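From first to last, the protein sequence lines are chains A and B. The first sequence begins at 111 in this note's numbering and counts up one residue at a time. The second sequence begins at 111 in this note's numbering and counts up one residue at a time.
No lab work stands behind these hints, which were simulated from the structure alone. The structure displayed is predicted, hence computed values, not measured ones. Any given hint could turn out to be false.
The list makes no distinction among identical chains, and a pair is therefore deemed to hold if it is satisfied within one copy or across any two copies.
[Unchecked claim] Cross-link-like lysine-lysine pairs, in silico, DSBU-like; alpha carbons within 35 Å at most:
| # | residue 1 | residue 2 |
| --- | --- | --- |
| 1 | 152 | 346 |
| 2 | 346 | 188 |
| 3 | 188 | 324 |
| 4 | 346 | 324 |
| 5 | 152 | 229 |
| 6 | 229 | 324 |
Number of protein chains: 2
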Amino acid sequence: MDMATRLENLADLGNDHPCLGCAVRELAVCGVLDADALRQFKESGPTVHYNAGDTVVFESDQATNVYSLTSGLLRLSKLLPDGRRQIAGFLFPGDFLGITMEEEHAFTAEAVAPSELCKFQRRQFDEFIERHPALERRLHAFAAHELAAARQQLVLLGRKTATERIASFLLMLEGHCHSVCANQEIAVPMSRADVADYLGLRIETVSREISRLKAHRVIQLTGRQSFRIVDRSRLKQMAEG
Amino acid sequence: MDMATRLENLADLGNDHPCLGCAVRELAVCGVLDADALRQFKESGPTVHYNAGDTVVFESDQATNVYSLTSGLLRLSKLLPDGRRQIAGFLFPGDFLGITMEEEHAFTAEAVAPSELCKFQRRQFDEFIERHPALERRLHAFAAHELAAARQQLVLLGRKTATERIASFLLMLEGHCHSVCANQEIAVPMSRADVADYLGLRIETVSREISRLKAHRVIQLTGRQSFRIVDRSRLKQMAEG
DNA sequence: GGCCTTAATTGATCTGGGTCATCGCGCCGG
DNA sequence: CCGGCGCGATGACCCAGATCAATTAAGGCC
Numbered sequence: 111m112d113m114a115t116r117l118e119n120l121a122d123l124g125n126d127h128p129c130l131g132c133a134v135r136e137l138a139v140c141g142v143l144d145a146d147a148l149r150q151f152k153e154s155g156p157t158v159h160y161n162a163g164d165t166v167v168f169e170s171d172q173a174t175n176v177y178s179l180t181s182g183l184l185r186l187s188k189l190l191p192d193g194r195r196q197i198a199g200f201l202f203p204g205d206f207l208g209i210t211m212e213e214e215h216a217f218t219a220e221a222v223a224p225s226e227l228c229k230f231q232r233r234q235f236d237e238f239i240e241r242h243p244a245l246e247r248r249l250h251a252f253a254a255h256e257l258a259a260a261r262q263q264l265v266l267l268g269r270k271t272a273t274e275r276i277a278s279f280l281l282m283l284e285g286h287c288h289s290v291c292a293n294q295e296i297a298v299p300m301s302r303a304d305v306a307d308y309l310g311l312r313i314e315t316v317s318r319e320i321s322r323l324k325a326h327r328v329i330q331l332t333g334r335q336s337f338r339i340v341d342r343s344r345l346k347q348m349a350e351g
Numbered sequence: 111m112d113m114a115t116r117l118e119n120l121a122d123l124g125n126d127h128p129c130l131g132c133a134v135r136e137l138a139v140c141g142v143l144d145a146d147a148l149r150q151f152k153e154s155g156p157t158v159h160y161n162a163g164d165t166v167v168f169e170s171d172q173a174t175n176v177y178s179l180t181s182g183l184l185r186l187s188k189l190l191p192d193g194r195r196q197i198a199g200f201l202f203p204g205d206f207l208g209i210t211m212e213e214e215h216a217f218t219a220e221a222v223a224p225s226e227l228c229k230f231q232r233r234q235f236d237e238f239i240e241r242h243p244a245l246e247r248r249l250h251a252f253a254a255h256e257l258a259a260a261r262q263q264l265v266l267l268g269r270k271t272a273t274e275r276i277a278s279f280l281l282m283l284e285g286h287c288h289s290v291c292a293n294q295e296i297a298v299p300m301s302r303a304d305v306a307d308y309l310g311l312r313i314e315t316v317s318r319e320i321s322r323l324k325a326h327r328v329i330q331l332t333g334r335q336s337f338r339i340v341d342r343s344r345l346k347q348m349a350e351g
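Full structure from sequences and hints, please.
Here's what the structure looks like:
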């Protein structure tokens with residue numbers, strides 16, 4: 111969507127619309143709805159807030175609700191019986207939770223940072239989709255995009271070395287920095303434990319590899335939760351092999 | 111879909127329908143189309159055949175076609191610059207190739223066994239979808255299902271041991287045995303190299319772990335490409351931890 | 001059937017990343 | 001300002017699975 115269309119749509123909302131202040135309106139699934147449909151959509155469910163660490167949905171819960179993330183950060187994770195954890199992905203603002211449309215959630219979704227979500231009853235949501243084919247198409251596009259991302263992550267987990275995983279991850283974080291990271295400072299909004307469980311490594315290995323990148327002047331740490339890329343081409347090169 | 115509905119739909123086709131002999135008609139995306147739409151759909155593209163080892167689409171090719179697999183087996187794989195390979199998944203009869211709807215294919219699709227596919231021009235296919243919302247919904251469901259499967263595989267690659275990976279894989283193969291594996295004999299239709307690249311292991315490790323399962327009387331080999339499960343509960347237990 | 005090719009198995013050894021242990025730092029509360 | 005706590009960093013050692021190296025077995029083809 112180009113800037114002109116975007117501004118036009120935003121202007122269309124009028125000044126009492128519930129989605130007026132939403133930073134991810136065109137980015138999220140809602141982006142395809144016109145002002146009236148959007149109002150009806152939004153008013154079909156509440157806005158909910160979660161603090162860092164809170165569980166939004168638990169794996170094996172009935173999937174009675176779906177969500178659109180408007181701010182914050184979620185992680186999708188799964189625990190093995192003995193406590194090993196794998197994070198299947200992170201949800202950023204604009205992402206949709208419940209795209210798999212299964213009866214049960216397969217993964218636990220937890221807030222990594224304080225997060226705001228638009229909550230919808232799945233039953234009502236499904237009905238709404240029926241009446242808005244454009245929304246169905248958009249959800250399909252979202253699912254397709256997430257599938258591509260998940261498969262890319264399969265390559266990382268199945269075949270990449272620790273160094274390559276960290277380099278790939280830092281570049282991914284850079285890609286998610288839109289407005290926030292002016293002056294090239296990139297935020298790492300999750301803990302080392304989350305990074306490790308996302309990359310199929312242990313905390314110690316994540317720490318060591320980051321230190322190595324720092325020592326080789328490929329990145330520069332600007333705090334425990336932020337860094338700067340010093341040599342992007344080398345980082346890119348390290349990300350593959 | 112229950113048996114009655116299924117037979118009814120099949121009967122509906124009439125006896126000069128191009129899809130009459132198709133073994134996966136209800137299983138594939140086509141399953142939601144009525145006889146007329148299905149005919150029109152099928153006649154919009156040819157049936158193509160590939161031998162084992164043939165490439166159907168190459169990663170980074172323009173995605174000008176999409177396919178529905180009617181028989182055989184495909185693998186979706188990606189190569190790293192130095193030759194390391196990861197298989198992101200296998201496509202079984204009824205599966206759809208091109209679901210991600212990206213402009214470029216992200217993965218190479220190759221025939222593991224002789225395969226038949228219905229081929230469609232993406233352009234025409236997209237138009238067809240526009241006119242048949244049920245098809246869009248079905249594709250969405252397929253994408254959602256593959257996303258769930260890919261995420262499950264992330265857990266395997268990120269956190270499971272070699273033994274757990276092999277056990278999980280053998281159980282997955284069992285799940286794909288519908289009619290073929292009467293008398294409990296389960297086919298392993300791909301090479302050890304393919305298994306290894308799917309599970310993020312080396313060939314030797316795959317071989318050793320299979321031998322171990324055999325030695326512990328959990329499975330029984332009935333040929334290099336087939337086996338029988340002797341102790342399913344133990345295999346299931348080994349698949350997690 | 002016998003030869004040749006290719007895949008699979010098995011054994012011996014090596015190593016990247018895991019494990020265990022310690023340390024340091026920043027932050028918060030008193 | 002100090003003490004404690006939780007996260008992250010670092011060091012020493014270990015092990016699951018990789019690597020290297022034969023060996024064996026299954027087709028395919030005269």
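Now the hints, each set against the structure:
Taking the shortest alpha-carbon separations for residue 152 and residue 346, neither the intra-copy value of 41 Å nor the inter-copy value of 44 Å comes in at or below 35 Å. Proximity of residue 346 to residue 188 under the C-alpha cut-off of 35 Å is found in both arrangements, the shortest distances being 29 Å within a copy and 18 Å between copies. Within a single copy, residue 188 and residue 324 get their C-alpha atoms as close as 31 Å, and across copies as close as 30 Å, so both meet the 35 Å cut-off. When the C-alpha separation of residue 346 and residue 324 is checked against a cutoff of 35 Å, the pair qualifies only within one copy, where the shortest distance is 15 Å, while the shortest distance between copies is 43 Å.
In the homo-oligomer, the alpha carbons of residue 152 and residue 229 lie at most 35 Å apart inside one protomer (9 Å), although the nearest pairing across protomers, at 41 Å, exceeds that limit. Taking CA atoms no more than 35 Å apart as the test, residue 229 paired with residue 324 passes in neither setting, with 41 Å inside one copy and 50 Å between copies.
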